[in-house]
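Undergrad: Sequence:
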Amino acid sequence: MKVSTYNFQYDPKNLDMFKLDIFWGNLDLSLLTLAAVIAAVWLVFYYIGPFLKGYFIVSAEEKKKEDNKNKIKELIMMKEVQTELEKEIEESLLSAGLKTSTI
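Here the sequence shown stands for residues 8 to 110, numbered as in the numbering used here.
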């Protein structure tokens, strides 16, 4: 077929190409492609979804553990500061008691 001798003939019957006629077997290629893409995306989410859910659950649990570790470290630090303050108060009371007893 030569391009120069080809005459395009307009046929209004060909305008309705987006048909879905399952019973007669006339499926458009774009519908098949769309169905294949939707099926592929669904399968990906169906098989990868549980792994993603597990990952998010594990990362949330690890974050909670890390927060709890930080809280425990802060509590230990506060306890150490409290014991040091108690020792200083005890020493100051003892030294004040010794000063008053020597007077």
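Hints in this document: simulated from the structure, not taken from any laboratory. One thing to keep in mind: the hints can contain errors.
Okay, the calculated beta carbon distance ranges per label pair [what the hints assert, rightly or not]: (1) 58 - 16: 54 to 64 Å; (2) 36 - 71: 50 to 60 Å; (3) 59 - 96: 53 to 63 Å.
Derived BS3-like pairs (lysine-lysine); straight-line CA-CA distance at most 25 Å [claimed, not checked]: (4) 94 - 106; (5) 60 - 72; (6) 60 - 70; (7) 86 - 76; (8) 80 - 94; (9) 86 - 72; (10) 71 - 60; (11) 71 - 86; (12) 70 - 80.
Backbone N, C-alpha and C fix where the C-beta goes; we use that ideal spot for every residue, glycine too.
Undergrad: Now tell me, hint by hint, if it's right for this structure.
TA: Structure-based check of all given hints:
A hinted range of 54 to 64 Å holds for the C-beta pair residue 58 and residue 16, which are about 55 Å apart. Separation of residue 36 from residue 71 is about 51 Å and conforms to the stated range, judged on CB atoms against 50 to 60 Å. With their beta carbons about 55 Å apart, residue 59 and residue 96 fall inside the hinted range of 53 to 63 Å. At most 25 Å may separate the alpha-carbon atoms for a hinted pair to count; residue 94 and residue 106 meet this at roughly 18 Å.
Of the supplied pair hints, the one linking residue 60 and residue 72 holds, its CA atoms being roughly 18 Å apart against a limit of 25 Å. Restraint check for residue 60 and residue 70: the C-alpha separation of about 15 Å stays at or below 25 Å, so the hint holds. Simply put, residue 86 and residue 76 have alpha-carbon atoms about 15 Å apart, close enough for the 25 Å limit, and the pair holds. This hinted pair checks out: residue 80 and residue 94 have alpha carbons roughly 21 Å apart, not beyond 25 Å.
Distance restraint check for residue 86 and residue 72: the Cα-Cα separation of roughly 21 Å lies within the 25 Å cut-off, and the hinted pair is therefore satisfied. For the hint linking residue 71 to residue 60, the alpha-carbon distance of about 17 Å falls within 25 Å, and the restraint holds. Among the hinted pairs, residue 71 with residue 86 is consistent with the structure: their alpha-carbon atoms are about 22 Å apart, no more than 25 Å. Under the criterion of a C-alpha separation no larger than 25 Å, the hint pairing residue 70 with residue 80 is consistent with the structure, at around 15 Å.
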